[in-house]
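Asks: The residues making up each chain are set out below.
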Amino acid sequence: MSTLVVQRTVTITSPNGLHARPAELIARTAMRYESEIELLQEGVRVDAKSILHVLTLGAAQDSELVLEARGPDAEHAIEALADLVARDFEPDESLSQDRSG
Amino acid sequence: MKFVDFVARDAIRTSIEVEEKEQVIRHMASALLEAGKIAEDECESIIEAILKREELGSTGIGRGVAVPHTKHPSVNELVGAVAVSDAGVDFDSLDGEKVHLLFMLVSPPDRPGDHLRALENISRQLRDDTFCSFLKQSKNADDVWQLLEEADNNQFVS
Numbered sequence: 001m002s003t004l005v006v007q008r009t010v011t012i013t014s015p016n017g018l019h020a021r022p023a024e025l026i027a028r029t030a031m032r033y034e035s036e037i038e039l040l041q042e043g044v045r046v047d048a049k050s051i052l053h054v055l056t057l058g059a060a061q062d063s064e065l066v067l068e069a070r071g072p073d074a075e076h077a078i079e080a081l082a083d084l085v086a087r088d089f090e091p092d093e094s095l096s097q098d099r100s101g
Numbered sequence: 001m002k003f004v005d006f007v008a009r010d011a012i013r014t015s016i017e018v019e020e021k022e023q024v025i026r027h028m029a030s031a032l033l034e035a036g037k038i039a040e041d042e043c044e045s046i047i048e049a050i051l052k053r054e055e056l057g058s059t060g061i062g063r064g065v066a067v068p069h070t071k072h073p074s075v076n077e078l079v080g081a082v083a084v085s086d087a088g089v090d091f092d093s094l095d096g097e098k099v100h101l102l103f104m105l106v107s108p109p110d111r112p113g114d115h116l117r118a119l120e121n122i123s124r125q126l127r128d129d130t131f132c133s134f135l136k137q138s139k140n141a142d143d144v145w146q147l148l149e150e151a152d153n154n155q156f157v158s
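Those sequence lines, one after another, are chains F and E.
Residue numbers for the first sequence follow my numbering, beginning at 1 and rising by one.
Residue numbers for the second sequence follow my numbering, beginning at 1 and rising by one.
Note that these hints are calculated values from the structure, not bench results.
Fair warning: there could be bad hints in the mix.
Stated by the list, open to error - From the derived model, a few chain F residues whose C-beta atoms are all more than 10 Å from chain E:
no. : residue
1   : T3
2   : T9
3   : V10
4   : L18
5   : R21
6   : L25
7   : V66
8   : D73
9   : E75
10  : A86
11  : D88
12  : D92
Stated by the list, open to error - Here are the in silico distance ranges between beta carbons for each label pair:
no. : chain 1 : residue 1 : chain 2 : residue 2 : range
13  : F       : R32       : E       : E40       : 30 to 36 Å
14  : E       : S74       : F       : E75       : 43 to 49 Å
15  : E       : L56       : F       : R32       : 35 to 41 Å
Stated by the list, open to error - On the chain E side, residues computed to face chain F include the following (Cβ under 10 Å):
no. : residue
16  : V4
17  : T59
18  : I61
Built from N, CA and C at the ideal position, the CB exists for glycine as well.
Next up, chain F with everything else stripped away, as it sits in the complex (with noise of 0.2 Å):
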């Protein structure tokens, strides 16, 4: 069976960029699957599932990203994490159960 790639291209809209907390939703996001997710700037390629790592990217407002995943569960993981950068990083009413108050 042959290891399937997704990849996507987003844009971080934030004014403060990808600092402490949306490196955290990232890593969380990403952690949720079993696909190897990475997000790759410029030529750097850092682990999603790192907040440590991701936070290395430094990545400002109106910076490009793709997000790469490889496994089984690729699309899925690409599908949330993009919808998670589209949404500006704020929690989605309808999976509420993560975080209540």
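Since the structure of chain F is already known, use the hints to place chain E on it.
Replies: Structure of chain E alone, referenced to chain F:
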């Protein structure tokens, strides 16, 4: 942004005795106060803002490192304190590990870029195992400062 650009040399504390999250944050804020980096009448407000930020999600970023922080209108520039805990602090980090290295950041609300660059620098440097373990073993502020300077001079990053 380099460590020496935002870490206050007089706000470095090693072998801290406190092991509880709020106490550590209070201890580090006191260090910033003693270093003259924050105002006495703003200290409590800064502590409360940092604690409130922690409620949103832990700033434990993994590898035994935490970056408790807040924006605060009382500071004119980004100021930082460093603490080293031998026993480790329970910080609810995502990776479940206790925290041994803490970088506290207080930044002016209108300078998100500086804050982001400080986080970038901290995380990039601490990705290096040698630097990370040397810092954790530091026994006094001078040792920490020297390591930060060496990191600034790219002696750890390959």
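Asks: Indicate, hint by hint, whether the structure satisfies it.
Replies: Hints, verified against the model:
no.: 1; hint: T3; verdict: holds, 26 Å
no.: 2; hint: T9; verdict: holds, 21 Å
no.: 3; hint: V10; verdict: holds, 17 Å
no.: 4; hint: L18; verdict: violated, 7 Å
no.: 5; hint: R21; verdict: violated, 6 Å
no.: 6; hint: L25; verdict: violated, 8 Å
no.: 7; hint: V66; verdict: holds, 18 Å
no.: 8; hint: D73; verdict: holds, 20 Å
no.: 9; hint: E75; verdict: holds, 24 Å
no.: 10; hint: A86; verdict: holds, 20 Å
no.: 11; hint: D88; verdict: holds, 14 Å
no.: 12; hint: D92; verdict: holds, 15 Å
no.: 13; hint: R32(F) to E40(E): 30 to 36 Å; verdict: violated, 45 Å
no.: 14; hint: S74(E) to E75(F): 43 to 49 Å; verdict: holds, 47 Å
no.: 15; hint: L56(E) to R32(F): 35 to 41 Å; verdict: violated, 19 Å
no.: 16; hint: V4; verdict: violated, 18 Å
no.: 17; hint: T59; verdict: holds, 5 Å
no.: 18; hint: I61; verdict: holds, 4 Å
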